[in-house]
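What follows is each chain in one-letter form.
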Amino acid sequence: MNKNRKTLKMPVRYLMNAVLVVLLFLALSYMTGNMLSTYQNKVLMTVGINIILAVSLNVATGYLGQLPLGHAGFMAVGAYTCALFTKYCPLPGPVSFVLGLVLACVMAGLFGVLIGIPALRLTGDYLAILTLGFGEIIRITLNNIDDVLGFKLFYGAKGLKNIPKYSNFTNVFLCVVITCFLIHAMMKSRHGRAVLAIRDNEIAAESCGIQTTYYKVMAFAFSAAFAGLAGGLYACYLGVLDPSTFGFMKSIEILVMVVLGGMGSMLGSILSATVLTILPEATRSFESYRMVVYSLVLILMMIFRPGGLLGSYDFSMSRVVEKAMNGELFRKKEKEGADHE
Amino acid sequence: MTVFFSQLINGLSLGSIYALIALGYSMVYGIILLLNFAHGDVIMVGAYMSWFVMNQLGLGPVTAVCATIVTCTLLGVVIEKVAYTPLRGAPRISLLITAIGVSFFLEYTAELIMGSGAKVIPSYYAAKTFMIGKVPLGLTSIITLVVTVLSMLVLTFLVQKTKLGKAMRAVSEDMDAARLMGINVNSTISFTFAVGSALAGIGAVLYCCSYPQATPTMGSMLGLKAFVAAVLGGIGSIPGAMIGGIAIGLCECFVSAIGLSAWKDAVTFAILIVVLLVKPTGFLGRQVQEKV
Numbered sequence: 001m002n003k004n005r006k007t008l009k010m011p012v013r014y015l016m017n018a019v020l021v022v023l024l025f026l027a028l029s030y031m032t033g034n035m036l037s038t039y040q041n042k043v044l045m046t047v048g049i050n051i052i053l054a055v056s057l058n059v060a061t062g063y064l065g066q067l068p069l070g071h072a073g074f075m076a077v078g079a080y081t082c083a084l085f086t087k088y089c090p091l092p093g094p095v096s097f098v099l100g101l102v103l104a105c106v107m108a109g110l111f112g113v114l115i116g117i118p119a120l121r122l123t124g125d126y127l128a129i130l131t132l133g134f135g136e137i138i139r140i141t142l143n144n145i146d147d148v149l150g151f152k153l154f155y156g157a158k159g160l161k162n163i164p165k166y167s168n169f170t171n172v173f174l175c176v177v178i179t180c181f182l183i184h185a186m187m188k189s190r191h192g193r194a195v196l197a198i199r200d201n202e203i204a205a206e207s208c209g210i211q212t213t214y215y216k217v218m219a220f221a222f223s224a225a226f227a228g229l230a231g232g233l234y235a236c237y238l239g240v241l242d243p244s245t246f247g248f249m250k251s252i253e254i255l256v257m258v259v260l261g262g263m264g265s266m267l268g269s270i271l272s273a274t275v276l277t278i279l280p281e282a283t284r285s286f287e288s289y290r291m292v293v294y295s296l297v298l299i300l301m302m303i304f305r306p307g308g309l310l311g312s313y314d315f316s317m318s319r320v321v322e323k324a325m326n327g328e329l330f331r332k333k334e335k336e337g338a339d340h341e
Numbered sequence: 342m343t344v345f346f347s348q349l350i351n352g353l354s355l356g357s358i359y360a361l362i363a364l365g366y367s368m369v370y371g372i373i374l375l376l377n378f379a380h381g382d383v384i385m386v387g388a389y390m391s392w393f394v395m396n397q398l399g400l401g402p403v404t405a406v407c408a409t410i411v412t413c414t415l416l417g418v419v420i421e422k423v424a425y426t427p428l429r430g431a432p433r434i435s436l437l438i439t440a441i442g443v444s445f446f447l448e449y450t451a452e453l454i455m456g457s458g459a460k461v462i463p464s465y466y467a468a469k470t471f472m473i474g475k476v477p478l479g480l481t482s483i484i485t486l487v488v489t490v491l492s493m494l495v496l497t498f499l500v501q502k503t504k505l506g507k508a509m510r511a512v513s514e515d516m517d518a519a520r521l522m523g524i525n526v527n528s529t530i531s532f533t534f535a536v537g538s539a540l541a542g543i544g545a546v547l548y549c550c551s552y553p554q555a556t557p558t559m560g561s562m563l564g565l566k567a568f569v570a571a572v573l574g575g576i577g578s579i580p581g582a583m584i585g586g587i588a589i590g591l592c593e594c595f596v597s598a599i600g601l602s603a604w605k606d607a608v609t610f611a612i613l614i615v616v617l618l619v620k621p622t623g624f625l626g627r628q629v630q631e632k633v
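Chains V and D supply the protein sequences, listed in that same order. Residues in the first sequence are numbered from 1 upward in steps of one, following this note's numbering. Residues in the second sequence are numbered from 342 upward in steps of one, following this note's numbering.
Keep in mind the hints are simulated off the structure, nothing from the lab. Computed from a prediction, not measured in an experiment: that's the story for all the values here. Where is the CB? At the ideal position from N, CA and C, for every residue including glycine. Any given hint could be a false lead.
[Unchecked claim] Here are some chain V residues pointing at chain D (derived, C-beta under 7 Å): (1) Leu67; (2) Leu122; (3) Tyr126; (4) Leu130; (5) Ile137; (6) Ile140; (7) Asn144; (8) Ile145; (9) Ile299; (10) Pro306; (11) Leu309.
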């Protein structure tokens with residue numbers, strides 16, 4: 001458009017975002033230490049875990065344009081992996097926690113590849129039903145496997161107890177930042193553009209030489225791996241795991257977060273995950289109406305605003321700063337008017 | 342051997358219920374390529390209707406059966422008009438999410454109104470058991486099988502021989518071309534939903550004969566299994582839904598019979614995954630080439 005437009009260099013952008021993240025962390029950790037009760041701190045950690053879940057599902061739903069209904073299944077894989085590892089690992093606490101989380105990611109990612117390869121050969125609806133089936137199989141297996149194998153490992157419906165509680169605000173926050181950064185970085189890379197191209201038109205993407213199956217499986221596994229990370233954090237936050245937590249309902253809850261925020265918008269997922277976690281906690285007395293309202297939100301959203309509240313809009317600090325540097329911040333309307341002429 | 346035959350009969354009668362429900366999925370999928378998640382919950386509403394008419398109003402079973410089928414039919418059409426018609430031409434992912442929304446809305450509204458406990462439905466008729474040799478044969482199984490076969494025959498006649506059936510086939514073949522030929526596409530789609538939901542109503546009555554209780558979530562697993570049956574038989578195909586339904590029903594009964602009843606849902610989904618891997622079009626489905 002014009003060459004005189006001032007821009008920011010990449011290192012400056014990274015530095016700026018890093019500073020903002022650190023400031024946010026300091027503000028929140030000050031709050032957790034001084035202003036919030038134990039209960040509110042727990043809610044804050046749930047918010048973090050839900051953000052990871054929503055942002056990771058957004059990769060498969062928003063960016064890849066598929067509809068997996070078994071996200072809770074991947075979360076369960078991660079949760080049980082991390083729980084068992086940290087419970088029986090002789091290494092010191094922090095080391096086993098980090099290793100457990102990494103292992104949770106890897107296992108969930110592997111399951112993602114395993115499910116993705118057959119599922120992604122099929123079109124949308126079949127993928128939805130296949131992932132749903134997979135999620136149910138995981139849940140049923142976790143419930144019954146001990147009886148079949150004849151030893152006590154998963155403890156079935158009784159629940160896996162005494163998982164060391166390593167999760168705290170700091171490491172949940174760190175994981176949220178890492179997740180968001182990695183997903184953002186991937187989506188801005190060549191691979192991310194390939195994924196977006198597949199979403200927009202698979203046939204056209206294929207004819208441009210993009211290996212559609214490869215990228216679909218990659219995005220799917222990426223999404224599953226971060227769900228596993230969230231699962232690992234969840235296991236070490238709660239200390240108890242029960243297979244019935246990871247049912248179809250949980251997958252739908254995560255999906256509502258993504259759809260409400262806007263499929264394909266990371267900011268949207270983060271905001272709606274935050275709101276949809278805090279709101280039910282604040283309105284416990286309306287608990288029974290929650291799912292009715294959720295389902296209505298899904299229907300109305302699809303009819304009146306299929307793109308979600310934010311659509312595919314994503315907030316970028318550097319863009320705002322660049323606009324400010326060029327004095328464009330408050331001149332948007334005027335410019336649009338000029339474009340129309 | 343006796344056990345084998347009685348499980349065979351159980352499987353056939355359970356399978357024919359799945360088949361009736363699977364037909365609803367199959368027809369709707371055939372015509373607007375929508376996986377109607379709410380279909381299973383229509384059955385749930387039907388079961389509550391039966392309970393309401395017989396237990397609360399104290400009316401006879403004939404009224405209850407009629408009320409159930411009429412309610413299901415109307416509910417199917419209303420869902421289509423309210424939730425799916427505004428999304429005609431929208432991306433399929435939006436339709437699918439709406440369908441999930443409708444399903445959850447029905448389930449949780451039912452839970453809110455009826456409570457999450459089970460409501461026991463009074464039996465429609467006095468249960469009897471006949472003995473054929475050493476194999477017990479319940480009246481319920483006979484009625485289920487006979488009603489299913491009759492419904493299939495009526496449906497086949499409707500689809501193959503009547504004008505509306507011709508319109509349905511035309512719309513599922515090519516919606517735009519059908520519109521150009523002067524077919525009222527919207528009313529044809531509504532009619533398809535009505536027929537599918539009426540079959541779901543019949544399925545609800547038959548299901549309540551065998552398992553006489555209504556819970557808010559009874560529809561979701563029933564619906565999912567019926568969907569698996571539809572995929573197994575080849576989605577969009579009427580005889581396919583029949584074969585798929587009976588295959589799933591038999592499979593489930595035999596898995597329970599060998600003592601793995603906790604795993605029967607997992608087996609059903611495993612079958613689905615295997616079918617999708619080996620032959621995504623199912624037994625009788627046809628391959629649709631994607632056009633650019």
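Hint-by-hint comparison with the structure:
For Leu67/V, the interface hint holds, since its Cβ comes within 7 Å of a Cβ in chain D; the closest pair sits about 5 Å apart. At a threshold of 7 Å, the smallest CB-CB gap from Leu122/V to chain D is about 6 Å, leaving the interface hint in force. The beta carbon of Tyr126/V is positioned within 7 Å of a beta carbon in chain D (closest approach about 6 Å), and the interface hint is therefore held. Interface restraint check for Leu130/V: the shortest CB-CB distance to chain D comes to about 6 Å, inside 7 Å, so the restraint holds.
Interface hint status for Ile137/V: upheld, as the beta-carbon distance to the closest one in chain D is roughly 5 Å, under 7 Å. This hint holds: Ile140/V has a C-beta 4 Å from the nearest C-beta of chain D, less than the 7 Å allowed. This hint holds: Asn144/V has a C-beta 5 Å from the nearest C-beta of chain D, less than the 7 Å allowed. Against a cut-off of 7 Å between C-beta atoms, the interface hint on Ile145/V is violated, since the closest Cβ of chain D lies about 10 Å away.
About 4 Å separates the beta-carbon of Ile299/V from the nearest beta-carbon of chain D, less than 7 Å, and the hint is met. Interface restraint check for Pro306/V: the shortest CB-CB distance to chain D comes to about 5 Å, inside 7 Å, so the restraint holds. Taking 7 Å as the C-beta contact cut-off toward chain D, the hint placing Leu309/V at the interface is violated, the least distance being around 15 Å.
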